[in-house]
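Trainee: Starting from the known structure of chain Y, arrange chain E on it as the hints suggest.
There are 2 protein chains.
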Amino acid sequence: MTTDTIRPDLTGTLGEVSAKVEAAMHADLDQSLAGSDDLLREVVSYALFGGGKRIRPFLCVQASRCCGRDDATLYTLAAAIEYLHTATLMHDDVVDHAPLRRGRQTTAKRYSLEDAILAGDWLHTRSLYMVGKLTGVDGLDTFCAATAAMVNGEFVQKRLSGDCRATEEEYFGVIKQKTGNLIASACALGAVYAGAKPAQKEALQQYGQQIGLAFQIVDDLLDYTAREEQTGKEVGNDFKEGKVTLPLIRALAKADVRERDSMARLMQGDRTKPEAQEAIFAAIDRLGGFKSAAETAQKHIDQAMQTLDRLAAEPISNNETVALLRELAGFILVRKK
Amino acid sequence: MTTDTIRPDLTGTLGEVSAKVEAAMHADLDQSLAGSDDLLREVVSYALFGGGKRIRPFLCVQASRCCGRDDATLYTLAAAIEYLHTATLMHDDVVDHAPLRRGRQTTAKRYSLEDAILAGDWLHTRSLYMVGKLTGVDGLDTFCAATAAMVNGEFVQKRLSGDCRATEEEYFGVIKQKTGNLIASACALGAVYAGAKPAQKEALQQYGQQIGLAFQIVDDLLDYTAREEQTGKEVGNDFKEGKVTLPLIRALAKADVRERDSMARLMQGDRTKPEAQEAIFAAIDRLGGFKSAAETAQKHIDQAMQTLDRLAAEPISNNETVALLRELAGFILVRKK
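If you read the protein sequences in the order shown, they are chains Y and E.
Residue numbering for the first sequence follows numbering that gives the first Met the number 0, starting at 0 and increasing by one per position.
Residue numbering for the second sequence follows numbering that gives the first Met the number 0, starting at 0 and increasing by one per position.
Note that these hints are calculated values from the structure, not bench results.
Which copy is meant is left open, because identical chains are indistinguishable; a pair holds if it fits in one copy or across any two.
Taking lysine-lysine and the DSSO-like style, the derived pairs with C-alpha atoms no more than 27 Å apart in a straight line are: (1) LYS242 / LYS108; (2) LYS253 / LYS239; (3) LYS272 / LYS242; (4) LYS253 / LYS175; (5) LYS132 / LYS196; (6) LYS108 / LYS239; (7) LYS239 / LYS290.
On a predicted model such as this, the values are computed, not experimentally measured, just so you know.
Isolated chain Y, as found in the complex (with noise of 0.2 Å):
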């Protein structure tokens, strides 16, 4: 093997991955929606081939092949996680209200939101069968357990949801729930299916945990400072709707009176106005809330690498798919959509 075919090529996995995932839903999909109402089937198609990224089924094959499985039914348990995250994005569109979701309509603005819904349902069961099917009761209470605490967390957003006085600790609370434990997940059913040992399940779930945080980390710096175009969602929703992020939280802890005053009062206020958005934005950028979140987001990518260290120790870990690893929390950092 030259170092050439050994050089980690994330873009190329990536897209390898993503195919043979892809084909495994279409595969799914024929057979388990075989005599199904035809709208049932285009609005499940819709919702799940949509560009999405498919960065949780690339986690789980990778953490499956780097404890040295990969056949062909390990990107049906892909699939499966997959279908779990379009799940919840599409619930998540309703309950937020969204148009927009990687540069297209939201299933329910596409159809309506009685069909996302109940698509949604249907995507929802059959990954929970999926991932009964191929993992057994313990791969089914990871990720059952991570879906509870999706639902957990929107409720405790909603709940902070225009509260200056929301912590660090509960925002941290909050996006491990929404995001951080299904990309763990993502991480340990792989890890269940090769059959890992403990340590090497833990470390990839750890590793998923961390890479997680950050995504959500840069996500929510990404909703106050890019543009449309870039990540094909409405920008600018978080502070809309009242949520308070890293960045604001950050603001607010260097904030005098007279500012953290002035801050609360555009969260009270009418959080529509270009004025008030622009203002929130101007103080925290002063403040340095975007640059101290940026760094946060990097310490979590370093605690993530450092995981990786420990799993390349381990004997049987396939240290190509490390290095791939490696990579793609580097790329979580850098991304700009």
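Mentor: Positioned in the frame of chain Y, the structure of chain E alone reads:
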């Protein structure tokens, strides 16, 4: 044992099982929602403890008892079935914009659409986890297939909405998927849990399917003939929403061309007008649609009873329990709410 102690007592056993299932639900929620957001717990509890008849958990328990197993965990399995049923009702009520369920506001009305969607997702996930844990992949398969079919049934029903050409076969396809399969699954899961022989499981599942169909036909009849105080939910909704149910299908089959046209015009016109509702009721009544649908419900109950005869002939079946299942089938036919 005196004849008195073996005399089946449906009301008493329903009450006994219901109390045990509710205790299992409380115990499970205490554990699974420990540390969760208070509002999530409140919404889940509101949805679960609203005076449901607990027919599905009852069937699961009786199916297991019938096959010789009755222990504490059985009620947790039965609780999981009620979780899923409740989750589907929560989402159905969102989709149907229903204001009332069991004589009080639906979850979406009492809380919000968002809360009903998300808390429904929570119950869905929890339910599937419990079923997987207690009955393995076999039970999970049966249960997930029923859930997926429910969604498909909703899509088919929507496609047929307002269409007087909807056939009896299509109607039965819809009610089997929307109602029959979950009731059949409740019976099947009880049998799987008890380690039933295939013939027993098959008979119980068949029984569930038949009473499920009768249950839904009666529901569709009551939607035309009952009063809101009776059913605890809005009546006359099916016509308003354009749902073509059995009484209408049977009436259309008896109608001459002129009557058919006039009924089709009512279906395609403004169905919220009281005159339209009175006219369709009168037409169905005159053409014997209600009577004919009631006879078909009776026919399915008869088939359920025959299935029970087969079951009672199985050597290890508990015939006291079989007698209770017989009573339940009779009750479905005469229920007024």
